[in-house]
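K.L.:
Turn these sequences into a full structure, and let the hints steer you where they fit.
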Amino acid sequence: GCKYCCVRCYKNHSNGSCEKEFVQRSESERARFEQRREVSEEEKANLGETVAQFWQGLDEDYQDGIDEATEAFEQAAFLLEEDRYEQALEALTPEQRGRFEELVRTGKLAVEEWQPWWEFPAGDDEWSSRLSSQATIRGARKASPLVVFSAVEVTSIFCYMARLYNGDWKDTETLVELVNKSPVLSCDERYKDLPSTARSCFQQTGSLTSLRDAAKVFEQRQCALRVFRELAEALAKGKKSTRTRLASKKVEFFATWVEGQSSLELTLLAQKINSETEELQLVTGGLNGEVDVHVP
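With our numbering, the residue at position 136 of the sequence shown is 123, and numbering never jumps.
Please note that the accuracy of each hint is not assured.
Stated by the list, open to error - Computed beta-carbon distance windows for the label pairs:
1. S250 <-> T159: 40 to 48 Å
2. R86 <-> E176: 39 to 47 Å
3. K259 <-> L90: 41 to 49 Å
4. R84 <-> L251: 24 to 32 Å
5. P103 <-> E252: 21 to 29 Å
6. T93 <-> K179: 41 to 49 Å
7. P81 <-> K227: 26 to 34 Å
8. Q83 <-> T229: 36 to 44 Å
9. K236 <-> Q102: 24 to 32 Å
10. V270 <-> C174: 21 to 29 Å
Because the hints were derived from the structure by calculation, they are not lab data. C-beta: ideal position from N, C-alpha, C; glycine also.
P.N.:
Here you go:
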């Protein structure tokens, strides 16, 4: 018989005896090989013959499929390194996508963890320049004192979605999900105080981290402006629907509201959010607030 079993041979022997014999023979030869440091020319030739026999045992279409799949996975891996997860999935067929997601889920193909920009000091970046220019042009508008609670809720939901999607939140489906998750943007909810706002945020996300993120955002005026400007811009460019148009206008209004607040006022707001978050953590009993509970 043949020294090595080919793929077609293996497929035609469903009882697995051919595979078992192949594995036993391979293990035996591997053990002998490891006992010798030098590899003979004959062994090199045998190895080349084995590889050739393997490929001869494959249909040409199957070989082409392997080449295409390899190329697709390489492209997807490159996009993944560039933090472009959605584009990485689009580069694959449905079957390849399932395998790719499995590799990511099991950690064999890692997605680099996204670092929220609001955790760093606002600097002389593109967004800082744009926001400074816009703030000078637009000016401030008077608003109801209750607007602050709506702004906090939207900020918390934004931070939650940004973390959930590893910073890649601007596609249409994710924006729709964000709007639907925010009672302010989807149902015109109006909160009367900060405690009710915090409870609603926690009920929507199951996470206190999003509230802590919101507090972090309001610690820096530029960060608060960026949340609303960037979100409004994404909603305006996304799928045109009545809900997203209204949401975009609301978010723009929140940006204008931020412009009318002093840095001190926003810093005090951040402190209040943190205090409310600590109170909520005591109620939920969670160590990190990442628990699935319904607060009263």
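K.L.:
Against each hint, give a clear statement of whether it holds in the structure.
P.N.:
Hint check results:
1. S250 <-> T159: 40 to 48 Å: 35 Å, violated
2. R86 <-> E176: 39 to 47 Å: 42 Å, holds
3. K259 <-> L90: 41 to 49 Å: Holds, since K259 and L90 (Cβ atoms, about 44 Å apart) stay within the stated range.
4. R84 <-> L251: 24 to 32 Å: 50 Å, violated
5. P103 <-> E252: 21 to 29 Å: This hint holds: roughly 23 Å between Cβ atoms.
6. T93 <-> K179: 41 to 49 Å: Distance hint for T93, K179 holds at roughly 46 Å.
7. P81 <-> K227: 26 to 34 Å: Since the Cβ atoms of P81 and K227 sit about 29 Å apart, the hinted range of 26 to 34 Å holds.
8. Q83 <-> T229: 36 to 44 Å: 37 Å, holds
9. K236 <-> Q102: 24 to 32 Å: 31 Å, holds
10. V270 <-> C174: 21 to 29 Å: Given a distance of about 24 Å, which is inside 21 to 29 Å, the answer is holds.
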